[in-house]
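K.L.:
Chain residues, written in single-letter form:
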Amino acid sequence: MKASRVISVLRRHLTVYTKLYLSSIALNFAEPVLYLAAFGIGLGAFVQQIDGMPYLNFIAPGIIASSATFGAVYECTYGTYVRMFFQKTFDAILATPVSLYELVAAELIWGALKSAFYGSIIMLVLALFGLLPSALILFAVPVLFLSGLLFASLAMIVAAIVPGIESFNYFYTLFMTPLFLFSGIFFPLTGLPPFVENIALLSPLHHLVTACRALAYGQTGGVFTDVLWITAALVLVIPWPFRLLRKKLIK
Amino acid sequence: MDVVRAHALTRKYGDFFAVNGIDFAITQGECFGFLGPNGAGKTTTMKMISCFLPPSSGDLHVFDMSVCEKPGEIKARLGVMPQEDNLDPDLNVIENLIVYARYFGIGKREAMLRAGELLKFIELSERNHTPIKDLSGGMKRRLMLVRALMNNPEIIMLDEPTTGLDPASRRSVWDRMNELKFNNTTLLLTTHYIEEAERLCDRVAIMDRGRIVAVDTPRTLMITHGGNLEDVYLKLTGRTLEG
Ligand SMILES: Nc1ncnc2c1ncn2[C@@H]1O[C@H](COP(=O)(O)OP(=O)(O)OP(=O)(O)O)[C@@H](O)[C@H]1O
Ligand SMILES: [Mg+2]
Numbered sequence: 001m002k003a004s005r006v007i008s009v010l011r012r013h014l015t016v017y018t019k020l021y022l023s024s025i026a027l028n029f030a031e032p033v034l035y036l037a038a039f040g041i042g043l044g045a046f047v048q049q050i051d052g053m054p055y056l057n058f059i060a061p062g063i064i065a066s067s068a069t070f071g072a073v074y075e076c077t078y079g080t081y082v083r084m085f086f087q088k089t090f091d092a093i094l095a096t097p098v099s100l101y102e103l104v105a106a107e108l109i110w111g112a113l114k115s116a117f118y119g120s121i122i123m124l125v126l127a128l129f130g131l132l133p134s135a136l137i138l139f140a141v142p143v144l145f146l147s148g149l150l151f152a153s154l155a156m157i158v159a160a161i162v163p164g165i166e167s168f169n170y171f172y173t174l175f176m177t178p179l180f181l182f183s184g185i186f187f188p189l190t191g192l193p194p195f196v197e198n199i200a201l202l203s204p205l206h207h208l209v210t211a212c213r214a215l216a217y218g219q220t221g222g223v224f225t226d227v228l229w230i231t232a233a234l235v236l237v238i239p240w241p242f243r244l245l246r247k248k249l250i251k
Numbered sequence: 001m002d003v004v005r006a007h008a009l010t011r012k013y014g015d016f017f018a019v020n021g022i023d024f025a026i027t028q029g030e031c032f033g034f035l036g037p038n039g040a041g042k043t044t045t046m047k048m049i050s051c052f053l054p055p056s057s058g059d060l061h062v063f064d065m066s067v068c069e070k071p072g073e074i075k076a077r078l079g080v081m082p083q084e085d086n087l088d089p090d091l092n093v094i095e096n097l098i099v100y101a102r103y104f105g106i107g108k109r110e111a112m113l114r115a116g117e118l119l120k121f122i123e124l125s126e127r128n129h130t131p132i133k134d135l136s137g138g139m140k141r142r143l144m145l146v147r148a149l150m151n152n153p154e155i156i157m158l159d160e161p162t163t164g165l166d167p168a169s170r171r172s173v174w175d176r177m178n179e180l181k182f183n184n185t186t187l188l189l190t191t192h193y194i195e196e197a198e199r200l201c202d203r204v205a206i207m208d209r210g211r212i213v214a215v216d217t218p219r220t221l222m223i224t225h226g227g228n229l230e231d232v233y234l235k236l237t238g239r240t241l242e243g
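Line by line, the protein sequences are chains A and B.
So that you can map any letter, position 183 of the first sequence is 183 in my numbering, and since no number is skipped, the others follow by simple counting.
So that you can map any letter, position 52 of the second sequence is 52 in my numbering, and since no number is skipped, the others follow by simple counting.
Just so you know, these hints were derived from the structure itself, not from any lab.
These stretches of chain B come out as covered by chain A in the derived footprint (C-beta under 8 Å, 3 or more residues):
1. 48 to 54
2. 76 to 83
3. 93 to 101
Keep in mind it's a predicted model, so treat the numbers as computed, not measured.
Don't be surprised by glycine CBs; every beta carbon is placed ideally from N, CA and C.
Using the sequences and the hints, build the whole thing.
P.N.:
This is the structure in structure tokens:
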């Protein structure tokens, strides 16, 4: 694995991104702002406080975590798949000294960078609304990169095994949506039946949300455990995109 | 000196032998052509030489290095023009070349210089900022050739380089290939055009159903088997030409 080659692929993605998508960055604000409006203001009118904080403040860190996560997941499901099969970008790159592993590493890092980048943007917006009291939230950025690597790996595993691009629907409906709803973004998991709560505690997004929430309030106590959990999951998951794509592309 | 050596080279897809135990050697500076009907195994052979597909069995050495052991080192010295268009549709002409050169560790300044020369060489100079989707099929093929030359390769692998080109563009690609030959670059090509093989190739391998049925200079093949190269081809493969 040669860093310079991984970087050459990352620079390709960056070139395309700055050229085609940077102009649409405003769209990335739209979704979280909608959630804030619907849940924070709409629902917040009925739910005044959770865990001793105003409802809007409660959900704000979770919005950072989920936007970042979806950024990585979209990139390494649809984005990767299109590059791999429709645009044949992978074929072109693999005719150069770049190896498959270097290419996969670049995809994952790109997904993680998007996670950190999207998370940071949302962070900025929420901070302007005064929803992030502590500057410690800045430490969430590297955590978003780490969790981004984890989610990018999961997404690429899916991209490697789906028979066609339509099949991503299953992944989003059966995995990402429950993850989004039951990771403690909108309500604390303690309200759930113990059996459901135990499953939800396994959600990597839950650990990211908890870490972001703690940092937003200037607490550092549990953050270490959450980061450790994300790291452990990452170590378990990250070999698989490499193995599966090798199998898929080289046969 | 042989730059490519294959011995009992085999590639299977499942149980199907796409390439079935072929032997050949390609000498530095020659133009070597694979001729054969659809599905003969030409592209599969090219992909193994360009370290894209690992052989199922047999030996394959490029520049005296095994394709299984040193793919990075080998690919750095090859220029590959695949059969399928895989230009980067998100980038324009010049960006395609700069980004591609970067995969070889070539910086932007050098890539711009080289791209400028090559685009002139292939008569695409005015098109630097054209998006890929606005290029005609023939322009895309020519741009793929330029892209394959960005790293100054020692061997150029061309999989059906002139398929889909109008006669004038075909001539212009042939001229370029002759210039490359003149500069002692090794050329490897596959083609369905007998005329192309006859004009350019020092030697041709006629492939059929995963095997090489004959390999020699076009002249010797014609003398041995009688008739022109097309007659030889039809006789040896027992099929008609497509494409
Ligand atoms: N990815 C693949 N999976 C399964 N079979 C394949 C695959 N690629 C090629 N084949 C089969 O291998 C055989 C050789 O294919 P190849 O592409 O090498 O032929 P070719 O000589 O280049 O043909 P053409 O002139 O049509 O380009 C064909 O029968 C083809 O169906
Ligand atoms: Mg072919």
